[in-house]
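S.K.: Residues per chain are reported as follows:
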Amino acid sequence: MKVHPAAWAALVVLFAAVVGLQLIQANEPPLATPQGVSTNLLYVHSPQVLGRATLSFHALLADIYWIRAVQHYGGTKLSNEPNKQYDLLYPLLDLTTSLDPYFDVAYKFGSVFLAEPYPGGAGRPDLAIALLQKGLRTRPDKWELAQGIGFVYYWWLADYQNAAMWFNRAADVPNAPDWLRPLAAVTLAEGGNRASSRVLWNEIARNADADWLRTQATFRLKQLDALDGIDFIQRIVDEYRRRTGVPPASWDDMMRAGFLRGVPPDPTGTPFRLDSATGRVTLDPSSSLNPLPSAEHPL
Amino acid sequence: MKVIGHVAVNVFKESVRDKVLYNLVVFAVLLMSASYLIGELTAGQDVKIIKDLGLASISVFGLLIAVFIGIGLVWKEVEKRSIYTLLSKPMRRQDLLVGKYLGLVLTLIINVAVMTAAYYAVLAYFQAVSPANLRESWPAPATDPALLKAIALIVLELMLVTAIALLFSTFSSPFLSAILTTAVWVIGHFNQDLRDYGATIPSPLAASIARGVYYVIPNFSAFDVKLQVVHAQAVPFGYIGVTTAYGLTYIALVLLTAVIVFSKRDFK
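Residue numbers (our numbering), protein chains in the order written: chain B, 54 to 352; chain X, 396 to 663.
Hint data in this document are derived by calculation from the structure and do not stem from the laboratory.
Just so you know, even glycine gets a beta-carbon here, dropped at the ideal spot from N, CA and C.
Do not take every clue at face value.
According to the in silico footprint, chain X covers these stretches of chain B (three or more CB under 8 Å from chain X) [stated by the list, open to error]: (1) 64-75; (2) 101-111.
Derived lysine-lysine pairs resembling DSSO-like cross-links, with alpha carbons at most 27 Å apart [said to hold, decoys possible]: (3) X:Lys471 <-> X:Lys659; (4) X:Lys414 <-> B:Lys55; (5) X:Lys408 <-> B:Lys195; (6) X:Lys659 <-> X:Lys475; (7) X:Lys408 <-> X:Lys397; (8) X:Lys475 <-> X:Lys544.
With beta-carbon atoms standing in for the labels, derived distance ranges [said to hold, decoys possible]: (9) X:Asn528 <-> B:Arg314: 50 to 60 Å; (10) B:Gly104 <-> X:Leu482: 41 to 51 Å; (11) X:Phe570 <-> B:Pro58: 53 to 63 Å.
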């Protein structure tokens, strides 16, 4: 049967109308969510129920939950919400790793972003440790998981006793790298120091199997460089103060007096900030390396 | 044997005429579009996810073909009354049934083979474009031949599903056959739970019944090694051998039952 030309024309018009209306719809302001109603929804929380319901498609569903976890973290971190909620990060990673216990990168992701202080992360190092311990129960042969627990204790909790214990446990796993045992000894003897931190982050950067983890390690290494840089410049400022009796009012004063050749930059290229009242050198507030490890999280 | 071959070839030709192979286009589009899109979403896990997605798609597409073509194999002949013409020829009923089964299995194998080729092509692309340091972090190369172990067991699982669908189609309507076949497939995936049921209930009788059902119901979860191959975990050839023997024996059992049911059916 021959199709009437008008039918073709109608088809084109209707198609254009559908696309056009969708464009209009997309430009409409989003409808407000009623107060107290969260859009962060997870319908199934139980890994057991989900594991049974997925029949033989555990791995594919684990991938879907992994993508949701990454999107949830990224979306929350980048959002302009004043009250960022990372409440689904742990349940999503828990479901991911229950459906696919070999999903190593999900444990690593959790160890970094669950532990990272709020608002950059969920600020829950306890959940990061719980996730890594769950992984270790399934994969006792993965030294990286034990090292990850040690790392959370070291970097986020400044608990060097436990950190050293976990580095030692990681070193006990067959085929663990040689640097773990000395790291445990240094951690126990000296607590946190930049050299140990540098070893940890360098190893993470070297062995990272995901770009985000390498980026995170590179960022932390730059923070350590910034701390070294601040110490170095501070010594020069202190020397200026010792000689002149007053702190420098600006970097120009330091350059005029021959202490510096130029304005010292941090590892991102942003100039360090000099407090003219106290003579303290810090990162400039605009530097992307903020916030540096603090007294609460020394290294 | 010759008769069985003719029937099988005709079933395959019919499935081609019914545009069953169109699913290959859907598979290819799905895999290629996913490959392009997921790189942005998966935080570096694209190869793992493509492997998972490919294996799951092969399984789902095959399952849909096995169930929805399988249930109509005999019913269609009865509905169109061509069964009278067929059975009036020098052909035994079991030849017709086995021929129909082998024809659909041939369709499935060709489908899976083409999907596997497309799957490996996409993985080879990832292998080629990924930087060396990223490739080193993978538990196995993107084009790991061990993936074929999972695909072989998927084929075996589909062969068993086809046999079950064919059995139901010998005495029931397509709608009911689809429900029954799907139900058996779902229950077959819960089989491990039946085995462990005894540990959670106090009644020894109920535990014994559950254990008995565990041995009788087809254990479909045994054919699932997708997770292991994607993570380069060992799937010993001994395991594949035992599972293959189990699958083939179960298929023979179901086909024989189908032949008995079909031979007793009155087409007057």
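S.K.: Name the hints, by number, that the structure is in violation of.
M.R.: When the structure is compared with the hints, numbers 1, 5, 8, 9, 11 turn out to be violated.
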